[in-house]
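> Using the sequences and the accompanying hints, generate a full structural model.
Listed in order, the protein sequences are those of chains A and B. Every letter in the first sequence is one number past the one before it in the working numbering, and letter 106, counting from 1, is 106. Every letter in the second sequence is one number past the one before it in the working numbering, and letter 83, counting from 1, is 83.
You may find that some hints are simply not true.
Partial list, derived from the structure: chain B residues whose beta carbon lies under 7 Å from chain A [claimed, not checked]:
#	residue
1	327
2	357
3	363
4	365
Since the hints were derived computationally from the structure, they do not count as laboratory data. The C-beta atom is built at its ideal place from N, Cα and C for all residues, glycine as well.
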Amino acid sequence: MKDFPAQTDVNLAAITEFLWMEADLLDAKEYDQWLQLWTGSGHYVIPVDKQGDDFANTLNIAYDNALMRDMRVKRLQGGFSISAAPPAESVRTVSRIVIDSVEGSLITVRAAQHVTEDKFGRQRSFAMNVTWKLEQTEEGLKIHDKIIRLLNSDGMLTSISYLF
Amino acid sequence: MSLDQTPGGIGTDDLVLNDRVKTPMYEDPALFNEEMEKIFGKVWVWVGHTSEVPDKGSFKLSHVGLQPVIISRDRKGEIHVLVNRCRHRAATVCEIKKGKTSSFQCPYHGWGYALNGELRAIPYTKGYNTDFDKKEFGLKQLKVGIFEGMIFASYNMDVEPLEDFLGNAKPWIKLFMKQGGGYPVKTLGEHQFKVPMNWKIQLENTTDAYHFPIVHKSFLQSLDGEATETFSFMDDDDGYVEDLGNGHSVMVMMPEFIDLDNDDGAPIPERFAELAEDLRKDYDEAQVRRLVRAVGGCGFNLNLFPNAACSLSFFRILRPVSVHETEIRHIAIGMDGGPAAANQMRMRIHEHFQGPMGFGSPDDAEVWERVQRGSAGGGEDIDVMVNRGLGLEKASDNGLPVGDISAETGMRSAYKMWKKVMEQ
Ligand code: FES
Ligand SMILES: [Fe+2]
Numbered sequence: 001m002k003d004f005p006a007q008t009d010v011n012l013a014a015i016t017e018f019l020w021m022e023a024d025l026l027d028a029k030e031y032d033q034w035l036q037l038w039t040g041s042g043h044y045v046i047p048v049d050k051q052g053d054d055f056a057n058t059l060n061i062a063y064d065n066a067l068m069r070d071m072r073v074k075r076l077q078g079g080f081s082i083s084a085a086p087p088a089e090s091v092r093t094v095s096r097i098v099i100d101s102v103e104g105s106l107i108t109v110r111a112a113q114h115v116t117e118d119k120f121g122r123q124r125s126f127a128m129n130v131t132w133k134l135e136q137t138e139e140g141l142k143i144h145d146k147i148i149r150l151l152n153s154d155g156m157l158t159s160i161s162y163l164f
Numbered sequence: 001m002s003l004d005q006t007p008g009g010i011g012t013d014d015l016v017l018n019d020r021v022k023t024p025m026y027e028d029p030a031l032f033n034e035e036m037e038k039i040f041g042k043v044w045v046w047v048g049h050t051s052e053v054p055d056k057g058s059f060k061l062s063h064v065g066l067q068p069v070i071i072s073r074d075r076k077g078e079i080h081v082l083v084n085r086c087r088h089r090a091a092t093v094c095e096i097k098k099g100k101t102s103s104f105q106c107p108y109h110g111w112g113y114a115l116n117g118e119l120r121a122i123p124y125t126k127g128y129n130t131d132f133d134k135k136e137f138g139l140k141q142l143k144v145g146i147f148e149g150m151i152f153a154s155y156n157m158d159v160e161p162l163e164d165f166l167g168n169a170k171p172w173i174k175l176f177m178k179q180g181g182g183y184p185v186k187t188l189g190e191h192q193f194k195v196p197m198n199w200k201i202q203l204e205n206t207t208d209a210y211h212f213p214i215v216h217k218s219f220l221q222s223l224d225g226e227a228t229e230t231f232s233f234m235d236d237d238d239g240y241v242e243d244l245g246n247g248h249s250v251m252v253m254m255p256e257f258i259d260l261d262n263d264d265g266a267p268i269p270e271r272f273a274e275l276a277e278d279l280r281k282d283y284d285e286a287q288v289r290r291l292v293r294a295v296g297g298c299g300f301n302l303n304l305f306p307n308a309a310c311s312l313s314f315f316r317i318l319r320p321v322s323v324h325e326t327e328i329r330h331i332a333i334g335m336d337g338g339p340a341a342a343n344q345m346r347m348r349i350h351e352h353f354q355g356p357m358g359f360g361s362p363d364d365a366e367v368w369e370r371v372q373r374g375s376a377g378g379g380e381d382i383d384v385m386v387n388r389g390l391g392l393e394k395a396s397d398n399g400l401p402v403g404d405i406s407a408e409t410g411m412r413s414a415y416k417m418w419k420k421v422m423e424q
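Below, the structure written as structure tokens:
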């Protein structure tokens, strides 16, 4: 396990607050506000492979730059996608938050996330390890990269009509 | 159990008519068991691609119907499909999805099997009588057939030759493999998801252009103008669906991309401009155009009875799990040894539409589930209609029906074969 950073301006409480705020936006499907949380140059990634981080050269479940994130949100909000109109409802918890490293203004954080969705009266659950690369900016914390490693990413999944 | 004992008490003649099928086709567990025996237990079933077992000692897990199998490449380079079940007391001998090994050892009592399935070693042999013959207890072998890198297997050792079974589909498979752009085709990873639906709902869907502008509207909206044009096949009148016999069919959506080697000289689409620029560093213009066309993929879906499709630019494989559950694999393919930029673009295109979170598949999954939900109860008074295009079809050179792009010709082809196989 890596050492916890000593910097006083990177504190777990502030980061936890930020991640919970993001989780709250996602459960509420406030995607426009969620898009504002991003710096712009990073990726929203859900890899298939459990190991490795060469996402560009492997097949992913999602590998979204800013343009793809915008398009994905448009699709989910547009009302023309039968799976997203209406989408499954979701409830998520983010916990076991660990600050992995701090390099300059870039903070790497990881956490456990559980999401339960409900649609058609059936519930499905997903467990995942999530890593965020957060950037400290003048406007506060922003997401640079978000990497979601589903526990069964290389197994048999079910379709997902919202964002993790 | 035989068909006349199904809960509805109806036989194949009543279940499948030319213009419709009966709801128990999606709903009847007894019929499902019969399908596993007569279809997945007998005909050629797609299990994998040779690039998934590239080297001597490579293996990959797969399924034929309900049974788990191992595709392995032995020390002579020969490919085997083995039932993943120890011949002692049935434990799976391998639970690693893919990799390399020199043998398979059962974890329960340690029986050891070679890559070709032969039983090699048994711990404490003294406990068996002298007449115990290891030769009789190799892993159960399936008949293996390979065509253009696609590996098929059958439980029926007397099954007709694979090439006869594929028949009119063969030239289409060859056309499909031109997506290698001059390089061998290799798999680049896969998306897997399960849907609470009968497997035949998926079998129908690969030859269903009719749903595309409706179900995939949100995908179409995410494309640029040129790409939208490419997907406008429902409004064009040059697309078609052709029955290829044996339950196979081809749905041609973009005739200009049937043969990727036939360069029509059209300007490189805007969405490929950056890739083309990148490729120009290493390739001449003719090769750049060939690679770009290959990256764009083919303009047709080839549906192979009972479980595979060569769909535009990927393999779409179904696996029945139960009467109400089907697993789907969307296997991305690319160029083995080809330019990284080209393979990257193919993966990005695949991610855009396919898989559990693509811009297309979740909407497919939703409507398939809705079909199953709507069929609940299995009423025999309301039928599933597959009559679109009937009476409007022409005959192909093979003497088989050809319908327009949205005709349900491919579904009728698959159901004709379903009936034939189930009656054997
Ligand atoms: S079950 Fe495999 S060795 Fe006994
Ligand atoms: Fe579809």
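> Taking the hints in turn, state whether each one holds.
Tested hints:
The beta carbon of residue 327(B) comes within 6 Å of a beta carbon in chain A, closer than 7 Å, and the hint placing it at the interface holds. A cut of 7 Å between beta carbons decides the hint on residue 357(B): the least distance to chain A is about 5 Å, and the hint holds. Given hint, residue 363(B) at the interface with chain A, holds; its Cβ is 5 Å from that chain's nearest Cβ, closer than 7 Å. Contact between residue 365(B) and chain A, as hinted, is supported at the beta carbon level, the nearest pair being about 4 Å apart and thus within 7 Å.
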